[in-house]
Amino acid sequence: MIRIVLALLFIVATFVALVLFPDIASQPVRIEVLGWLFETRTGMFILLIIVTLTLLWSLQKAFDLSINSPKQMWSRLRSGSTKRRESRLKEALATWVDEGKGHSQKLLKRSKGIIPDWLHESLVLAWEKPENFPKMDDEKDGPLIIALKARLATDDASTLNLSTRQHYLNAWLAVHPAAPLALLRKAVLLGDMGEYAEQVQILEALIQNNKNITKLKPLLAKALANLATKDAANKLVHLRKANRLMPNDAQVTRQLAQALADSGDSSNAERLLLDYLQQHDDIHTAQAALKYLSFDALKNFKRLDKPAYQNTYAGRWLRMMLAHEADLVGIAKDTLDAMLEQSPTPLLWQTKGDWFAAEHEWEKATSCYQKSLIS
Numbered sequence: 000m001i002r003i004v005l006a007l008l009f010i011v012a013t014f015v016a017l018v019l020f021p022d023i024a025s026q027p028v029r030i031e032v033l034g035w036l037f038e039t040r041t042g043m044f045i046l047l048i049i050v051t052l053t054l055l056w057s058l059q060k061a062f063d064l065s066i067n068s069p070k071q072m073w074s075r076l077r078s079g080s081t082k083r084r085e086s087r088l089k090e091a092l093a094t095w096v097d098e099g100k101g102h103s104q105k106l107l108k109r110s111k112g113i114i115p116d117w118l119h120e121s122l123v124l125a126w127e128k129p130e131n132f133p134k135m136d137d138e139k140d141g142p143l144i145i146a147l148k149a150r151l152a153t154d155d156a157s158t159l160n161l162s163t164r165q166h167y168l169n170a171w172l173a174v175h176p177a178a179p180l181a182l183l184r185k186a187v188l189l190g191d192m193g194e195y196a197e198q199v200q201i202l203e204a205l206i207q208n209n210k211n212i213t214k215l216k217p218l219l220a221k222a223l224a225n226l227a228t229k230d231a232a233n234k235l236v237h238l239r240k241a242n243r244l245m246p247n248d249a250q251v252t253r254q255l256a257q258a259l260a261d262s263g264d265s266s267n268a269e270r271l272l273l274d275y276l277q278q279h280d281d282i283h284t285a286q287a288a289l290k291y292l293s294f295d296a297l298k299n300f301k302r303l304d305k306p307a308y309q310n311t312y313a314g315r316w317l318r319m320m321l322a323h324e325a326d327l328v329g330i331a332k333d334t335l336d337a338m339l340e341q342s343p344t345p346l347l348w349q350t351k352g353d354w355f356a357a358e359h360e361w362e363k364a365t366s367c368y369q370k371s372l373i374s
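For the sequence shown, the tail end lands on 374 under numbering that gives the first Met the number 0, and the numbers increase by one without skipping.
By construction, these hints were calculated from the structure, which means they are not laboratory data. Model, not experiment: these values are computed from the prediction. Be a bit skeptical, because a hint or two may be false.
Quick list of in silico lysine to aspartate or glutamate cross-link-like pairs, EDC-like style, CA-CA up to 16 Å [what the hints assert, rightly or not]:
id: 1; residue 1: LYS216; residue 2: ASP230
id: 2; residue 1: LYS240; residue 2: ASP230
id: 3; residue 1: LYS108; residue 2: GLU85
id: 4; residue 1: LYS108; residue 2: GLU127
id: 5; residue 1: LYS139; residue 2: ASP116
id: 6; residue 1: LYS332; residue 2: ASP353
Derived Cβ-Cβ restraints for the label pairs, each shown as a range [stated by the list, open to error]:
id: 7; residue 1: GLY193; residue 2: SER366; range: 44 to 50 Å
id: 8; residue 1: LYS108; residue 2: ASN209; range: 36 to 42 Å
id: 9; residue 1: ALA177; residue 2: VAL123; range: 25 to 31 Å
id: 10; residue 1: ARG83; residue 2: ASN208; range: 42 to 48 Å
id: 11; residue 1: GLN277; residue 2: ASP326; range: 48 to 54 Å
id: 12; residue 1: ALA177; residue 2: LYS82; range: 36 to 42 Å
id: 13; residue 1: PRO142; residue 2: GLY193; range: 45 to 51 Å
From the three backbone atoms N, C-alpha and C, an ideal C-beta is built for every residue, glycine too.
Turn these sequences into a full structure, and let the hints guide you.
Rendered as structure tokens:
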């Protein structure tokens with residue numbers, strides 16, 4: 000198209016020049032070639048050259064049209080050479096990568112013909128701004144375009160409400176039923192909707208297919224823990240499975256311990272929490288364990304006489320609390336003072352305040368509570 004415009008401008012400029020300078024146009028021209036003598040005027044000679052070139056160009060395009068469809072012919076006239084279209088595509092890609100938007104769409108349209116139409120359509124869609132995503136048209140859009148539109152629309156789930164997310168994901172799965180990313184996003188959506196049973200089914204199927212196991216295990220463990228809150232009959236089954244998936248998850252461990260205790264299996268609940276504390280310094284797990292261990296404080300105080308508990312903050316706190324419950328007041332107070340000197344946390348100050356309050360030493364208790372607020 001650019002070449003045609005330039006050629007037309009050149010012809011117009013030539014005619015204007017001949018009209019403005021008639022003396023030059025009327026000057027004779029004499030050409031002798033292979034014994035042939037050709038005489039004419041300058042203006043007619045120039046016009047003859049233009050007509051000859053135009054005729055040759057028309058013959059070439061007629062030949063092209065005979066072997067190509069009119070659509071292909073128009074595409075070649077409009078877009079220029081393959082090399083120029085390829086450079087436009089490279090420039091569009093660089094603009095999109097560097098700027099994220101800008102003139103990439105215009106350049107991409109000018110590169111049409113260098114890549115297949117289906118890929119060109121996909122790139123145009125992928126490079127659109129999120130707010131400009133066209134709606135899905137089941138009659139017009141092919142399966143790939145439907146899947147791509149849904150993929151792009153659900154990239155940032157926070158911008159969509161639950162029903163819209165569900166609409167896009169269902170359309171995606173309708174054309175690509177086994178798409179792992181679509182299934183993963185559907186599982187996350189089901190979790191947000193509270194449909195934990197179906198969420199667990201999808202995540203378990205993905206894990207069986209070895210799709211992103213490392214990423215899926217925490218999601219499945221959380222889904223099982225949530226399902227346990229709704230499915231009381233199978234609570235222990237779900238929580239045990241979640242604990243096997245994520246043995247280092249403190250919240251799942253505490254939930255399983257509580258479920259075990261509720262079922263009457265307090266010994267396994269204690270063992271589970273203490274095993275966790277031997278490997279992790281988690282004060283919340285220590286506080287959960289205290290509820291079960293305080294029934295036989297002296298015995299359990301002796302159980303914690305191990306370096307694994309004495310060398311962590313949570314383990315020392317639990318051992319100190321058991322000493323206090325077992326009336327080993329001296330050991331408990333010495334441990335508390337040593338821990339306060341090392342790390343004066345709000346929990347330790349509050350504990351000391353509770354002990355003073357139990358002894359009716361209100362001023363000291365108040366001082367400790369104040370320190371817990373500003374620690």
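Hints not upheld, ascending by number: 1, 11, 13
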